[in-house]
Amino acid sequence: MDTAEGLCWRCNYQYTTGYFRCYYCHVAKYCSETCARDDHLRHGSVECQMWSPKCCEACKQSGATVMKCSGCYARWYCNEECQQHDIKQHQLVCLNWQRRALNVQKIKKAYTNLMYGWPCYFSCSLAKDLLNLRENELKHWTGSDTPRNLTNMRLDVLLPACGDLRHVIKTVQSLPSEFTGVLRFAVNDIDPFVTARNVLILFMIATFAEGKASAIASVWLSLRLSTEDFAILRETLSTLITMDPVLIRTKTDGLIDISMASFTTLREVWMGWKRLQCFIGHTHCIQLGEERNEMLRSISSDTETFLEYLTSVHPRHVPSIKKWYKDGIIVSSKHQDTKLKYYNPTFTGRSKDYSCRVKELKPRNINFIYCVAANCVPFQIWDYLDMFPICAMDSITSMCHAFTVHCIINTMGMMTENRLKFNIITENFLHLGSRLPKYENFEFDRIYTSDLIDYYGTAGVLKPLEPLLNKYNPCAALITETENWTDFMEEADFPSDSLERLELLKVTMIDNKHKQDKCIPRDFQREYYNNTSHFINFLRGAWLAESENTDSIGHMTLPIWSEFAACQNLILRDFSKERNHVLAFKERVNARAINMIRGSVRTLEWYRKTVQTRSIDYPQIECTVN
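Just so you know, full-length UniProt numbering puts 428 at position 428 of the sequence shown, and the rest follows in order with no gaps.
Any given hint could turn out to be false.
[Unchecked claim] Distance condition first, Cα-Cα at most 27 angstroms in a straight line; then the derived DSS-like pairs of lysine-lysine:
no.	residue 1	residue 2
1	Lys341	Lys471
2	Lys109	Lys88
3	Lys334	Lys212
4	Lys29	Lys108
5	Lys170	Lys108
6	Lys506	Lys29
7	Lys352	Lys334
8	Lys274	Lys322
9	Lys609	Lys139
10	Lys323	Lys334
11	Lys212	Lys251
12	Lys362	Lys109
13	Lys513	Lys577
14	Lys362	Lys341
15	Lys341	Lys322
16	Lys326	Lys362
17	Lys212	Lys341
18	Lys29	Lys471
19	Lys362	Lys274
20	Lys212	Lys139
21	Lys170	Lys334
22	Lys274	Lys339
23	Lys106	Lys60
24	Lys108	Lys334
25	Lys106	Lys139
26	Lys471	Lys438
27	Lys139	Lys577
28	Lys106	Lys463
29	Lys471	Lys139
30	Lys274	Lys326
31	Lys139	Lys170
32	Lys326	Lys438
33	Lys513	Lys29
34	Lys339	Lys352
35	Lys170	Lys251
36	Lys212	Lys29
[What the hints assert, rightly or not] Quick list of the computed label-pair ranges, beta carbon to beta carbon:
no.	residue 1	residue 2	range
37	Glu178	Ser496	47 to 53 angstroms
38	Gln61	Ser496	28 to 34 angstroms
39	Tyr24	His314	28 to 34 angstroms
40	Gln91	Ser434	37 to 43 angstroms
Read the hints as simulated data drawn from the structure, not as lab findings.
The C-beta atom is built at its ideal place from N, Cα and C for all residues, glycine as well.
Whenever a hint applies, use it, and build me the whole structure from the sequences.
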């Protein structure tokens, strides 16, 4: 369901002379009957089941009028009569789902949000186009409130707790050619080390010529640098240290805006990086290679996962991946055989044991160490399906570097035209409303919160951010994701039944043409496991942990779906009936074997009630199970 509009859902190639729809759900589109037939196992396992007409559990009739039980959201009935007819079979199932959802409430309530862990210099998730303009503003915004020229409009994007810049660069890279307007990003992260790295890279993109794009990509991605690239990095750090927010704004022609409060802490990080001795072989050189190897050795589970991952990628890419695992180097192909004499100081920072809260963290008092988490792989930030058509190579690291250079050059071009601007905020996202500069008059058309709801809850994220969402753009969306939800719901990650597991393995092997003796990672098998009912009941249980709904005698009561789907003046797009408009509800795993996707991330899109016309309610029957 993450296939871009106009591309075949199986082969990912563009169909130009028409397409074939899935016969059952009428949502999936294919370039040929062959692709539709080849995709029946993958598509039919989850997507088609979600979107196709449902069958009544009692009379076995199917159609659009069949409704979900509001107690479990796992069984479907034509009416109350059919539900009562099936009550003996349904009762235990329904109560079991309710028990699972209530258990989520208990576990989530005890879950503690700790502001610790390694700095997020690289993410475990793919870069995403946060606008998808062709399927949103350029397609759906019509009526009297339509701007005179949509292609020249200004769009604002907020990234609270954003981590690295992958989403920014990917969004710019994905802009349609007909969009000639201005794009403004408010980039927020509470961790000053992450923000300092982002500002460093943005400053280089804004002030350097196109010929330096390769050096910028190396600074972003590679553990070791050439003499030339290291000199460019040192020069940039020296420049930033001697500046202040006004000078940075002036130097970049107003493209980068930082508050003085944020700048003071960021400057300490840049000074820390500049002080480090990075020449490999020097007596006092930082030991990044040794520290990285020690981190990889200490986390055996990640090492085992990596070795398992190697069995699933194309043999042409394996040597370069093994080489990266050994040395952490991602540079241009012309530097592959060059002796890289310097470590990259921007791979250092605080230990995972330090809080990342900016007010509690003083970089000048910290011993800078290698701090890239073992499961964060730089060449994983880009989607293989994006990289391969543009710069196909045997070496995945060279491909990643070349694609990054390509994206940076596009970003440079937009900055040169003064059409891309950044506001940098080092602050807890909960206080963003009071920290945004009033003179900028931000009205955010997209707010992408990544996995913040895993730590703050849905209402905890929507409440402070909903007022910032554009009230006049009917396509404006606040996007939330959950990654660890399977940790709280029984059998959400993988079935416990041995026969069901065997069937999953069988389907995975057939669809991916695996040999019997080949190791098949569980991540691959998750793509064929329909855990939609698990997810809906997880959301109900998690919501109960936040709201603590009780009945008249004090018993905890699970919310019906429409209560969850209408939150903080926003409504949730119904992922069980249609595709999301901006980001896919879930990502394919097997279509992009180079990317280590776990397959458990679920993305929710929230829209304003005043501009959303689609009903948010599931058709449902009041549950009669006691």
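Exercise. In ascending order, which of the hints set out earlier in this document are inconsistent with the structure?
Worked result: Numbers 1, 2, 4, 5, 7, 8, 12, 13, 14, 16, 18, 20, 23, 24, 25, 32, 34, 36 and 40 - these are the hints that the structure violates, sorted from lowest upward.
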